[in-house]
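Respectively, the protein sequence lines represent chains A, B and C.
Residues in the first sequence are numbered from 1 upward in steps of one, following our numbering.
Residues in the second sequence are numbered from 1 upward in steps of one, following our numbering.
Residues in the third sequence are numbered from 1 upward in steps of one, following our numbering.
It should be emphasised that the hints constitute simulated quantities derived from the structure, not laboratory data.
Heads up, some of the hints might be wrong.
[Stated by the list, open to error] Simulated restraints, written as ranges between beta carbons of each label pair:
(1) C/Asn13 - B/His6: 44 to 52 Å
(2) A/Pro156 - C/Asp25: 29 to 37 Å
(3) B/Gln282 - C/Val270: 28 to 36 Å
(4) C/Ala222 - A/Asp25: 39 to 47 Å
(5) A/Gln242 - C/Pro386: 40 to 48 Å
(6) B/Glu17 - C/Ser387: 27 to 35 Å
[Said to hold, decoys possible] Computed cross-link-like contacts, DSS-like style, restricted to lysine-lysine with a CA-CA straight-line distance of at most 30 Å:
(7) C/Lys255 - B/Lys309
(8) C/Lys190 - C/Lys172
(9) A/Lys149 - C/Lys255
(10) A/Lys309 - B/Lys241
(11) A/Lys149 - C/Lys89
(12) C/Lys231 - C/Lys89
(13) A/Lys89 - B/Lys241
(14) A/Lys89 - B/Lys190
(15) B/Lys172 - A/Lys241
(16) B/Lys241 - C/Lys172
Think of the CB as a built atom: it goes at the ideal place given N, C-alpha and C, for glycine as much as any other residue.
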Amino acid sequence: MSTFEHIITDSENNHHEVDFHLTNDSFGITCTAPFSLTHQLLSGGKQQGSELLTLTQGDMTIRFVPTRAMAILDVVVAGTRFGWDSSVKEVVNPAFINQEAFGGLGWLEGFNEMVVRCGYQWAGHPGVDGEEMLTLHGRIQNTPASFVKLTVDQSPPHNITLSARVDEKCFKRSDFEVWMHVSVTPGENKLVIRDELINRGDYEREYQVIYHNNFGTPVLDAGGQLHVPAKSVSPFNEYAKQGLASWDSIDPPRKGFDEMVFNVFPISDVQGNTTAVLHNAQANKGVAVGYNTSQLPVLTIWKNLDTPKQGYVVGIEPGTSFAYNRRYQRALGLVPTIGANESREFDVSFTFLMNEQQVASQVADVICLQHTTLLSLDDEPLVTLPS
Amino acid sequence: MSTFEHIITDSENNHHEVDFHLTNDSFGITCTAPFSLTHQLLSGGKQQGSELLTLTQGDMTIRFVPTRAMAILDVVVAGTRFGWDSSVKEVVNPAFINQEAFGGLGWLEGFNEMVVRCGYQWAGHPGVDGEEMLTLHGRIQNTPASFVKLTVDQSPPHNITLSARVDEKCFKRSDFEVWMHVSVTPGENKLVIRDELINRGDYEREYQVIYHNNFGTPVLDAGGQLHVPAKSVSPFNEYAKQGLASWDSIDPPRKGFDEMVFNVFPISDVQGNTTAVLHNAQANKGVAVGYNTSQLPVLTIWKNLDTPKQGYVVGIEPGTSFAYNRRYQRALGLVPTIGANESREFDVSFTFLMNEQQVASQVADVICLQHTTLLSLDDEPLVTLPS
Amino acid sequence: MSTFEHIITDSENNHHEVDFHLTNDSFGITCTAPFSLTHQLLSGGKQQGSELLTLTQGDMTIRFVPTRAMAILDVVVAGTRFGWDSSVKEVVNPAFINQEAFGGLGWLEGFNEMVVRCGYQWAGHPGVDGEEMLTLHGRIQNTPASFVKLTVDQSPPHNITLSARVDEKCFKRSDFEVWMHVSVTPGENKLVIRDELINRGDYEREYQVIYHNNFGTPVLDAGGQLHVPAKSVSPFNEYAKQGLASWDSIDPPRKGFDEMVFNVFPISDVQGNTTAVLHNAQANKGVAVGYNTSQLPVLTIWKNLDTPKQGYVVGIEPGTSFAYNRRYQRALGLVPTIGANESREFDVSFTFLMNEQQVASQVADVICLQHTTLLSLDDEPLVTLPS
């Protein structure tokens with residue numbers, strides 16, 4: 001298909017465009033749902049030097065952060081914001097992040113986006129694995145994109161794709177390229193992510209990825225509900241045991257709640273496709289996270305139902321792995337490898353549900369997937385963590 | 001009171017002004033003591049990207065570093081420089097600092113200012129506290145200001161205030177905002193700092209702050225003297241024991257001296273106000289550091305009387321805490337907490353003493369505070385450090 | 001001698017020129033071999049903010065990285081590239097490097113140059129020395145140059161020198177300045193480095209430096225050969241023992257080879273001058289690395305003959321020290337000290353050999369130095385490393 005392409009960043013050719021504003025007119029496209037892409041170089045505080053790309057298409061606005069591995073900061077659909085409120089307000093430039101801080105939790109000084117990729121050499125909680133200290137959720141999120149490109153289909157419906165390449169390269173250790181493509185089709189309240197991890201090196205490597213997708217109000221509210229087709233759900237740790245029975249329901253913010261995490265083995269259709277839905281109490285706003293279990297076999301539900309300022313947020317996180325430190329996950333078969341010159345694709349989509357009907361339709365799909373399978377609630381965590 | 005305001009940096013609104021020069025004329029102010037504010041974006045070496053704000057008012061020139069938490073680099077009054085000479089010459093951009101380096105001493109690669117705030121999640125020496133490795137003197141000093149504003153009173157004497165907000169925000173851990181206000185009143189050789197720590201989070205947190213105020217030549221010279229109204233003074237560690245008797249007198253630079261640190265419990269007036277004075281041998285140049293013991297109950301005297309190049313400098317450091325690692329200070333009652341949505345104010349002033357009379361007047365105030373209280377020199381350190 | 005000087009960067013005077021292009025005409029020099037110096041501010045990915053200086057003189061092009069301690073990225077002579085191919089492709093800004101990452105191996109995330117200086121507080125492998133964690137190969141390489149200057153002789157042959165000052169300054173710990181001068185003489189296929197380490201402090205300090213000079217294809221190929229005049233050669237560790245007999249021959253790339261390192265005590269002439277030569281199988285391309293054993297007494301041969309993507313590269317690395325962690329090298333007498341206000345000079349040269357005759361001539365020099373001395377191949381590593 002013929003496309004218009006506009007390269008924004010290309011480190012190889014030392015090309016970098018900043019502070020621009022493109023519209024459908026820039027491409028000579030006349031359309032019923034006009035779009036624009038705005039670039040801002042941010043300044044002040046720890047966002048000095050960070051970049052923000054704002055894509056508006058119809059009544060959907062998506063904010064991307066090329067400086068932070070092309071994370072999706074948030075999405076606004078017809079005035080409803082999908083994303084969450086972290087105590088971290090700025091778009092933190094990785095130059096000011098030290099992931100080794102606080103015993104490997106420095107990553108948290110920048111964490112505030114709706115879509116955060118964790119990986120790819122490793123993901124999960126900090127800790128020593130063999131001879132190495134692994135910091136929280138790997139390196140990718142604090143890596144600026146080396147290549148960023150806008151692509152627009154010449155033919156209606158004029159699909160729009162933002163693509164980026166983020167490298168995880170370290171002499172002798174890693175030769176990963178991650179291509180990230182996020183597409184919108186005008187007329188659909190949906191984001192489609194297709195990522196590709198390529199091992200450019202000559203050695204097979206372990207890898208892990210978790211899509212840390214995070215949602216707060218208004219989709220998240222007391223009485224809201226998660227719908228996840230699952231074979232089994234188990235608590236991440238001792239603390240989460242007490243919340244197992246109500247793992248899929250949303251309580252109001254509660255001081256001292258901190259976080260309960262649940263490990264889910266999802267059910268998918270024969271193609272591996274599956275969906276997890278979160279909707280509000282009224283069941284008229286929600287989000288459906290689509291993914292494929294042949295690519296991302298497990299799902300972490302992160303219920304951080306603490307006070308609004310401490311973080312009232314739920315994560316729907318498909319991954320190759322759970323959130324344990326890597327050293328625990330080999331025995332679970334959740335530390336895959338990627339051979340020399342191999343690639344792995346990861347498809348994740350977000351459908352933004354804007355009324356009761358849309359919510360009901362997605363919930364029906366989940367029920368359909370659950371079908372005759374009985375959900376098993378397993379009392380014991382998969383991993384016995386040191387207390 | 002009506003004021004002119006000029007916002008220099010505001011990360012929330014992505015506003016940032018650089019390389020400018022403002023004067024009283026910019027505000028339409030005609031005054032006997034003209035002022036100017038100059039902004040420089042620095043470059044070269046590790047100061048690439050650092051910012052410097054130079055405020056000149058009458059014969060006083062103050063240099064601020066917004067990139068380094070609004071530190072005061074130095075003050076020149078009528079040709080006399082207050083500040084000190086570190087081996088670190090550049091205004092180091094925190095992007096090039098790794099506080100974890102050298103076992104948590106990376107902070108020292110940027111340390112060269114007259115006023116350095118240590119805090120606010122913690123201050124003090126590096127080391128493990130519970131499960132956390134705390135690096136030297138906390139995170140704030142390596143955090144760029146998110147908001148910077150100049151305020152000038154419309155009415156004489158046209159007080160000038162530089163305000164800044166520096167955030168210490170980390171998901172789940174910290175939601176601190178620190179507002180820093182430094183004011184000068186034309187006609188006075190004085191800087192007045194009013195800082196406010198605000199806990200924007202929903203949880204009570206521990207905090208610590210030490211004002212690491214540092215003075216070298218010409219205020220510091222052999223035969224110079226400290227005047228500190230105090231209930232008791234004790235050595236920080238074994239090494240400082242030998243210097244206890246002469247804790248308040250200034251010796252010439254001596255190779256191998258390194259540093260002697262003394263813990264002081266100061267005396268204040270009924271409002272909590274107190275002053276510590278350092279003056280030169282001739283008692284015709286000096287500085288009086290004013291603070292309030294209800295805000296900053298203890299004082300550290302840092303005598304680093306080593307060679308000029310290694311550091312001939314004395315710190316007069318009021319704080320919530322001494323310079324020990326935080327783990328030692330809870331037992332001393334020196335790790336205060338700040339509740340949700342609470343704030344704490346810290347008032348610190350610097351009066352620059354330019355002749356014998358001014359020195360004598362401040363020394364008289366100290367003597368007055370000491371009054372009938374006998375100073376106790378305690379031989380033993382408050383904390384027994386591992387050798 | 002009269003010279004033209006052009007200052008590019010000077011942090012002390014806040015002077016910094018970017019994105020320029022100078023030629024011999026800029027200096028009013030008419031010459032048979034024209035030269036130019038081009039500056040590029042790089043962008044995209046982790047090279048955002050890095051700088052590149054490209055010096056072209058006749059048919060030689062040299063790329064310098066002021067942001068990375070004036071490293072030499074590569075040299076192209078008449079179309080032949082000297083340098084190597086790392087998985088790290090970008091010119092990584094140290095702002096994005098955390099040397100503490102991966103147990104002190106973070107340095108590897110930026111490693112891709114032909115000439116990388118390791119030092120100066122320490123060099124060598126990561127590990128604890130006394131109370132300090134030393135990260136791989138010291139701090140210098142991740143430090144931007146504070147001063148950069150071009151000097152051109154007014155008289156023929158119009159020698160060209162790029163000079164830089166890179167500081168390793170940390171309050172109380174280090175007051176090092178390193179002046180780096182790289183010169184070319186038009187008409188010669190040669191780079192001459194003269195570096196000067198100055199201890200500006202008042203204390204004697206330990207120091208170490210290793211010139212990590214790295215060469216890949218086309219100089220490096222199967223059947224190629226090293227010629228190093230040496231008293232003795234020993235394996236760095238157990239693994240290298242098996243390669244000792246063929247320490248000076250170049251095998252083809254081999255998966256799983258990783259690296260074999262050899263410790264060499266070189267032979268020099270009465271002035272201390274010596275040369276190590278690497279040439280290709282055809283003996284018609286090569287490089288001769290000249291250095292002085294009174295400055296740099298030992299030589300490390302780093303044979304990283306792994307696959308092209310993993311790193312097919314050989315290091316010819318004269319140094320004050322071998323590549324062991326500093327704690328092992330004091331006993332070997334390879335941790336020198338530098339007194340207060342003392343300086344140390346290091347002369348290293350690269351002669352690019354472009355035909356059989358030039359290769360043969362340099363090899364003859366090596367043979368001449370070896371002369372009657374018998375090379376001793378010592379089976380046992382100098383240091384017994386923990387397994």
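A quick look at each hint next to the structure:
1. At roughly 28 Å, the beta carbons of C/Asn13 and B/His6 sit outside the given window of 44 to 52 Å.
2. The hinted window of 29 to 37 Å between A/Pro156 and C/Asp25 is violated, with their beta carbons roughly 55 Å apart.
3. Checked against the hint of 28 to 36 Å, the C-beta distance between B/Gln282 and C/Val270 comes to roughly 59 Å, which is inconsistent with it.
4. For C/Ala222 and A/Asp25, the hinted distance range of 39 to 47 Å is not satisfied, since their beta carbons lie about 58 Å from each other.
5. With their beta carbons about 45 Å apart, A/Gln242 and C/Pro386 fall inside the hinted range of 40 to 48 Å.
6. For the pair B/Glu17 and C/Ser387, the supplied restraint of 27 to 35 Å is violated, since their beta-carbon distance comes to about 59 Å.
7. The suggested pairing of C/Lys255 with B/Lys309 is violated, with an alpha-carbon distance near 52 Å, which exceeds 30 Å.
8. Under the criterion of a C-alpha separation no larger than 30 Å, the hint pairing C/Lys190 with C/Lys172 is inconsistent with the structure, at around 39 Å.
9. Taken as a hint, the A/Lys149 and C/Lys255 pair is broken in the structure, with Cα atoms around 35 Å apart against an allowance of 30 Å.
10. Among the hinted pairs, A/Lys309 with B/Lys241 is inconsistent with the structure: their alpha-carbon atoms are about 47 Å apart, more than 30 Å.
11. This hinted pair checks out: A/Lys149 and C/Lys89 have alpha carbons roughly 20 Å apart, not beyond 30 Å.
12. Of the supplied pair hints, the one linking C/Lys231 and C/Lys89 is violated, its CA atoms being roughly 38 Å apart against a limit of 30 Å.
13. Taking the CA atoms of A/Lys89 and B/Lys241, the gap is about 47 Å. The hint is violated against a cut of 30 Å.
14. Of the supplied pair hints, the one linking A/Lys89 and B/Lys190 is violated, its CA atoms being roughly 35 Å apart against a limit of 30 Å.
15. The suggested pairing of B/Lys172 with A/Lys241 holds, with an alpha-carbon distance near 21 Å, which does not exceed 30 Å.
16. For the given pair, B/Lys241 sits about 21 Å from C/Lys172 by alpha-carbon distance, which is consistent with the 30 Å threshold.
Checked against the numbered hints listed earlier, the structure breaks hints 1, 2, 3, 4, 6, 7, 8, 9, 10, 12, 13 and 14; every other hint is satisfied.
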